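In the order they appear, the protein sequences are chains A, B and C.
Each residue of the first sequence is one higher than the one before, counting from 1 in our numbering.
Each residue of the second sequence is one higher than the one before, counting from 255 in our numbering.
Each residue of the third sequence is one higher than the one before, counting from 558 in our numbering.
Hints in this document: simulated from the structure, not taken from any laboratory.
No experiment lies behind these values; they were computed from the predicted model shown.
Ideal placement from N, C-alpha and C gives every residue a C-beta, glycine not left out.
The reader is advised that the hints may include incorrect statements.
[Claimed, not checked] Partial list, derived from the structure: chain C residues whose beta carbon lies under 8 Å from chain B:
1. Leu-687
2. Ala-693
3. Gly-698
4. Glu-701
5. Val-705
6. Val-823
7. Val-864
[As the list claims (entries may be wrong)] Just so you have them, the derived chain C footprint on chain A, three or more residues with Cβ under 8 Å:
8. 72 to 79
9. 106 to 112
10. 235 to 247
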Amino acid sequence: MPETILRASHLGITFGGLKAVHNFEIDIKEGELVGLIGPNGAGKTTVFNLFTGVYKPTEGTFYLGKQLMNGKKTHEIVAAGIARTFQNIRLFKKMTVMENVLIAFTKDIRYGLPGSILRTAAFWKEEADIRDKAMDLLSVFNLQDKADWNAGNLPYGQQRKLEIARALATNAKMLLLDEPAAGMNPTETAELLACINTIRRKFNISILLIEHDMSLVMNICERIVVIDYGEIIAQGLPEEISHDPKVIAAYLGE
Amino acid sequence: MDGLTLFIQQIINGLRVGSVYALIALGYTMVYGIIRLINFAHGDFIMVGAYALFFTVPLMIAAGMPAWMAVFVAIIVCAITGVLVEKLAYRPVRAKGTNMSALITAIAMSLFLENLAQTLFGASPKQVKTIFDLPMIFGFSGNTFLTIAIGVVVMVGHSLFVKYTKAGQAMRAVSEDKSASKLMGINVNGIIALTFAIGSGLAAIASLMYVAQYNQVTNMMGSMLGLKAFVAAVLGGIGIIPGAMLGGLVIGIVESLSKAYIAPLTGGLITSAFSDAIVFSILIVVLLVKPAGIMGKNIGEKV
Amino acid sequence: MNQKKERLRKLWVSLLGVCVLGLAVYAADSLGWIDNYIRGIFIQCCFAIIMVTSLNLVMGYLGQIALGHAGFMAVGAYTSALVTKAIGLGIKAGAILPMSNVMQFFIGLLCGAVAAALFGLVVGIPALRLRGDYLAIITLGFGEIIRVIIQNLAFAGGKGLANGQAGQALVGILKMNDIYVIFGVTAVCVAIMLAFVRSKFGRAIIAIREDDIASSSAGLNITFYKVLTFTVSAFFAGIAGAIYAHRGLGTLQHSDFTFLKSTEYVIMVVLGGMGSMTGSVVAAIILSVIPEALRAFSQYRMLIYSVILVLMMIFRPIGLFGNYEFSLYELLRGKLTGKPPRSGRSAAKGGA
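The shape of chain A in the complex, shown without the other chains (with noise of 0.2 Å):
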């Protein structure tokens, strides 16, 4: 039996008297790779939010293993083992390739003002050792020969990747993935589905996932949560689901 990674229990938030996510319950393993799917303003993006912190959950729990996550803050929630991608792209688009990966290695730097000031060995080593890191991980994705662009100069779909691997490099063990082939053309889509089998293995990684493709959900997806109205109408075997009359009438909106 593999370990929980994430554990929901009536999770939920509300603003001004909305219940945007309600009793949101969810339960996910080591290596297990979640769907979370529902229509339009169903409130998939807000439980992401509740998940990073952005949103401090007004009712419930979550715990990342057996750590309790509520009310933690973004950046402690990244140090736990939680990290995210954007709907709409969050790259630093004036910073390189590389510089955006380096970032997410910040964390784990352990040189302080002295270092950097003095430049001692120990900076000089850690900056040589975090560019090795970083260069591993670009080329996970092949976009190793791209480490000089600036990431904004990226194609649509090589920036999708780059923001995964700057997920990744955060040293996750959970990640959460909003609408990664969202504006992809089927090629785009097909490398990105080669790509997540990829860090699947590769890093052992869980994996969550907001999706609107339906093709690329049923593909990968082991398990499926559905949402409509901030609550969980069904969840279960992506083919269950595909003939779940709620989930039906959920998309076709009855």
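On the provided structure of chain A, position chains B and C as indicated by the hints.
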């Protein structure tokens, strides 16, 4: 003089200064509401208005007209200045710049107006002829009541304008959503220019009220006055018109009361010499506790 | 280890560059070109350089406008002046062993810098919760509050300390106008700030400027880096203040540190280029020397600045240098080997 009379006098003085602040704060808030820019030069529009009064009051008197009629000239001069500043500096920067470059432009325009005035008129203060000569009422100068009355009338008039006229409605529409307004056929740049014209016109009226009290014009007079009015606008909730009026009056009263009472209340630790610092402390507390101001709503960024 | 060799070579070239500059100053000095007037301008350039580069940390790298930098300069100036005064009195009274003026100055300078950094920390923690316009205005407020408080402190006016008088100019301050000392301090300050921005700290700050939500999602503690930058910036403003206080006039006035002063430094940062230390240094020197060279036009100075500033915002909002950094090493490398200078960090980032 007994304590109560002193207290009432301080409150009335506070209302007088406060109504000047309120009119200036209105200008800040209108501009901020519509283009999200702190118009640092707004305080200097008061200075422009005051110089206009300085030159036209003697002309009015010579022509046998009441001195206060000069305010109409001041309003026109200020409105033109405001629109020019917007057209020549703010609009081109807004077209391609960031928030930061817009703010820097505003600071630059403030410096420009202050230094232009110094070059043209010198740095020494100019005495303006008496504009109003009113009798004392209940032991207070008539000017004080007149100032408060003008303030109230202008504020009410302005509120009615924004609420009920077509231009006022267009202003509100543009401040809500520029691109939607454009699609609805509103001339967005025209409305922004109009906002500057009205805001600057209000500053001209404020300068009449100020000059009627202090009889003095300098090129730097708008700097501190503008900053305090800005504090008032933030206090009330920047971008919110009733907030500016409320903020102005509150700042005026706080300033007046703190000048009179802060030294005895703190055992002489804080004296009236700190009054500017007190106003800024209010700003800091408001920004930290309720950044959207007394009447504002907090809005977060969408992720 | 090729990289290590190159690093060392770079270091030597930089040191050489600084030495050449120092020698140039020495040559000018021994030729008798440096009289008190030139000395004054030289020192003015030095503290302006430190002020502008340190403000650039906040404006260019962190991407926030701070309008209270003169407040931190004031803290540094007054603290250092009072400390050197106290040391002077202590030596006179025999309580402290005699020491050279330079030593006294350095103790004062360090105290001033630390005091300014503490103020930076105290101001930064609340202020940096805000952004953009609001941060600008709250720093303006803090700057003015600092100034008004100094104005009303008895020990910071008149003869100072126990004999002080509130509201007066502080007089009788130690004079420290040795241009070599000042030059050395300035060079070290700029070097430290460059090292700061070229480390994980600089990287983190730029990332926060680009996108704070993405930064925290990449594990950065945004508040920490923002407050740190602000504190470091205030620290160096304190050093600039200490140089200013001891520049040789012997007096300090609270009115030297109004919000207009802060604005002048903002102008220099903007003209030089936000995010370019080279630009900051050049702008600080030019805008300190030009007003002296054009004394006749001094009354038009701010008028001209303001017009240039607006034109700059319209036609070249990134400033003269953008985020370009001058590198003597790259220049020499190009000249000596005939290879074209490598595109530096900023060049690779260009076009954005």
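| task | Taking the numbered hints from earlier one at a time, note which ones the structure violates and give those numbers from smallest to largest. | result | Failing hint: just 10.
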